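Required output: the full structure, derived from the provided sequences and hints.
Going down the list, the sequences are from chains A and B.
Following our numbering, the numbering of the first sequence begins with -17 at its first residue and continues without gaps.
Following our numbering, the numbering of the second sequence begins with 103 at its first residue and continues without gaps.
Some hints here could point you the wrong way.
Below are the DSS-like pairs computed for lysine-lysine, each with C-alpha atoms no more than 30 Å apart in a straight line [said to hold, decoys possible]: (1) B:K178 with A:K144; (2) B:K178 with B:K146; (3) B:K178 with B:K124; (4) A:K144 with B:K146.
A few chain B residues that face chain A, going by a derived Cβ cut-off under 8 Å, partial list only [said to hold, decoys possible]: (5) M103; (6) D191; (7) L192; (8) D193; (9) P214.
The set of hints was computed from the structure by calculation and includes no laboratory data.
All of these numbers come straight from a predicted model, not from anything done at the bench.
Where a beta carbon is used, it is the ideal one built from N, C-alpha and C, also for glycine.
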Amino acid sequence: MSEATPDEAAAAVARDSYGRLIAYLAARSHDIAAAEDALGDAFAAALKHWPVDGVPDAPEAWLLTTARRRLHDRWRHGQVETGAEETLRIVFSELATVAPETQFPDERLKLMFVCAHPAIDPAARSALMLQTVLGLDAARIASAFLVAPATLAQRLVRAKTKIRAAGIAFEVPREDEWPERLADVLEAIYAAYGTGWDDVAGTDPRTSGLAEEALTLAAMLARLVPDAAEAWGLVALIAFCQSRAAARRNAAGDYVPLAAQDPASWDGELLAVGEASLQKAVALGVPGAFQVEAAIQSAHTQRRLGASVPDGAIVALYDALVALQPTVGARVSRACAVGAADGAEAGLTALAALAAGDVRGYQPYWAALAHLAAAAGDAETARDARARAVGLSTDPAVRRFLAQGAEGGLRK
Amino acid sequence: MEYMLLFYQPTSDFADRADPAKAGDYMAGWMSYVQAVQAAGIVKSGAGLQPPATATTLRVSEGRRRVQDGPFADAKEQLGGFFVIDVPDLDTALTWAARAPCAATGGVEVRPALPPRAV
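Structure, rendered in structure tokens:
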């Protein structure tokens, strides 16, 4: 840390510890918005003081102490909304007894369960978790959930106010309340992973490290609720996907589709985590969508063992997935699997079953159509679909790949 | 924290109250609930209310009092009573709300009270 410039040091803490700092402050103040404001002030203070005084030995503790002081000041100067006074009084009695000088507990899961409380607007839950625990900005989350940023910002403010005003407890819920809340927590971690995954180039500072953080959170969650099969299913799914994150690009920075990837470039350690987690999940005997998706990923990696990809089995798994959650994404992926197993014509028939309105702006559909139509010898349809897919891709390497009309697998 | 539990009840609940054949069972359910809440030592205040037909609603517009027969909102479920309880958090309040007899027939609204102004 001593070689880092003050700006770099602040950025590193923001990237590695933002969620833990917010969770710690919010678990004590019971006020997420106040915790965010205080931590924001603390980061501003760091950028002012560290260049002059040097970067402290324990930057996290410095930020936490400064943020706590800000919370205290706000309270003393009465800049606190009605309703928060009582909770803030609790905060300061607690903060006085806890001195997190270098170590402080990781309470992110606690905060996620609070965000998933049934008393919170369902449309706000996952977004709230992404913003508070993972530090994603509202614009980024809005694009992940396909809503207007202003609408989302309003929802988030309302949800935070509700948590504070309604006195929702900051604790991990009892086991009988998991079913109600676990699905939202899993969904948010998966959305975080997807947001990190989409940044294939790894150049966006707002999402760098997000995929690894999602895997860490999923693993923490599975250890906390070891009897929840879907929690292990999510660990397995993320581990399998992440094992080939680096294989998606060749040395020249070009996109490499799954079927063309060299199994030797996959991360063996993560693959082992994926297999072990999937086995744990399946042993619990409660099937779910994350487990099925993980099993599909597992089947795709059979190639590393010298076996061919079991196309028929993959179609069967997609059938199970579509039965569990008939999303457009699952159905497009199923069509690709059918194409691989039974030929391009069969894949095209499966694609044709999708409603036009559902797929108009969905890039994977057009990429799949381009691939299957080309394989079936329909060059005109393939060309048009490829043009649509290129227009809907945000990643330059994927655009390049599609524009070349390259052949190969299309799954992410 | 203080929460108000507002007990919303369907017309059939109010009818049971007035029906000699059913009033006994109906009241016995509420009595055991009320006793349990009281015994927990969390009650700040509370009351059961007379049926909605006894309600009078008043509005002042352009300086004039407008008095109307009937409850504020014409809804299928009507307010039948309330408690103000002092418990640590929302989930504890929800647990008490779930035990009310009308949780199964109508519903219970749980609303945090504004804290008393600190001086």
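Quick one, is the B:D191 hint okay against chain A at 8 Å, beta carbons?
holds, 4 Å
Using 8 Å as the Cβ threshold, decide whether B:M103 counts as touching chain A.
holds, 4 Å
Compare the distance between the alpha carbons of A:K144 and B:K146 with 30 Å, and conclude whether the hinted pair is satisfied.
Satisfied, since the Cα-Cα distance of roughly 23 Å is no more than 30 Å.
Once the shortest beta carbon distance from B:L192 to chain A is found, is it less than 8 Å?
holds, 5 Å
Checking hints one by one. Is B:P214 an interface residue toward chain A, by the C-beta closer than 8 Å rule?
holds, 5 Å
Keeping to a limit of 30 Å between CA atoms, is the pair of B:K178 and B:K146 held or broken?
It holds: about 28 Å lies between the C-alpha atoms, which stays within 30 Å.
Hint check, B:D193 versus chain A [nearest Cβ-Cβ separation less than 8 Å]
holds, 6 Å
Mind checking the alpha carbons of B:K178 and B:K124 for me, to see if they're no more than 30 Å apart?
Holds - the C-alpha atoms of B:K124 and B:K178 are around 21 Å apart, at most 30 Å.
CA of B:K178 to CA of A:K144, is that 30 Å or under?
Status holds; Cα separation ~27 Å.
Checked against the numbered hints given earlier, this structure breaks none of them.
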